[in-house]
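**Student:** The primary structure of each chain is shown beneath.
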Amino acid sequence: GIQVEQSPPDLILQEGANSTLRCNFSDSVNNLQWFHQNPWGQLINLFYIPSGTKQNGRLSATTVATERYSLLYISSSQTTDSGVYFCAVGAGGTSYGKLTFGQGTILTVHP
Amino acid sequence: GAGVSQSPSNKVTEKGKDVELRCDPISGHTALYWYRQRLGQGLEFLIYFQGNSAPDKSGLPSDRFSAERTGESVSTLTIQRTQQEDSAVYLCASSSKTAHYGYTFGSGTRLTVV
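These protein sequence lines are chains X and R, in that order. Each step along the first sequence adds one to the number in the numbering used here, with nothing skipped, and position 26 is 26. Each step along the second sequence adds one to the number in the numbering used here, with nothing skipped, and position 5 is 1005.
The shape of chain R in the complex, shown without the other chains:
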């Protein structure tokens, strides 16, 4: 597609449940990123995929968080046993070397844990 697509746009879940967030990057973008933005805060890096290289998972806050990417396409971010502090907007971005890694962001998934 023309842009980065994220789904769902909103997710309300009960504490302790698992959730899966999806990101469809721009076709041909080799790099894909997940960030988290808590209310009124800046963006917090979670994980970075670059081509076939091992992902940079240094930002994942706990072992309840994991992410996968199929080749250079779709990525899913999974949060297990959700906690109230996981409530945030989860943003996905993609970029390409030819565009000097200028990010294109999706519209985000707003996750609310109740």
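Looking at chain X on its own, in the form it has when it is part of the complex:
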């Protein structure tokens, strides 16, 4: 099956810093989503982005499908950004919505 690799595995920032999280995947995809899991375990969908660039406030994401990677940018980080960021991909067909998750990037933002 498709492999998803996220980097870095851990990231520690001071409040106000910017960061870039990377997701590499091993095959063509037509579904790619980024999620944030907060310290209480709740998973929130950040972006549906199988290709192109999207922005939502301080967060933006870019997927270059032909090169099989996606980037999540966090600008002016806040302590509430702490948690685990997951990239998840789907290869389509009859299981279009079924996603394979990476192992996540653990982000800690210090005040």
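Quick caveat, the hints were computed from the structure, so don't treat them as lab data. This structure is a prediction, so every number in the text was calculated from the model and none was measured. Hints may contain errors.
What the hints assert, rightly or not - Going by beta-carbon spacing under 10 Å, a handful of chain X positions derived as facing chain R:
(1) Gln6
(2) Tyr48
(3) Lys98
Idealized CB from N, CA, C, for every residue including glycine.
Following the hints, position chain R against chain X.
**Tutor:** Just chain R now, with coordinates in the frame of chain X:
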């Protein structure tokens, strides 16, 4: 409801007992998914329901695991003869074609087998 609802939020059971976990998806969401997350790990796919199509059961780890869905509403995940390795958070998500299958997750059921 407005979100995906899972119950119970916590379940402690004795090894060998059966457990049933429930998921109420967002109304109108045709797709429903179950995932498992062990402590400190990523999410592991279990099963996927899409409308009236046959479910994709390819992620179920053993025949002790089964799931059902009534139409496009409630789903139950059943684990028979629970083992300690079944301890995990079981997460349900739903999505719709019109939302490009962007997932909305429930808060999960934390299962502890003692």
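**Student:** Against each hint, give a clear statement of whether it holds in the structure.
**Tutor:** Each hint tested on the structure:
Hint status for X:Gln6: holds, given a least beta-carbon distance of 9 Å to chain R, under 10 Å. Annotation: interface hint on X:Tyr48 holds; nearest CB of chain R at approximately 4 Å, less than 10 Å. For the restraint placing X:Lys98 at the interface with chain R, the shortest Cβ-Cβ distance is roughly 5 Å, inside the 10 Å limit, so the hint holds.
Hint compliance for this structure: every hint is met.
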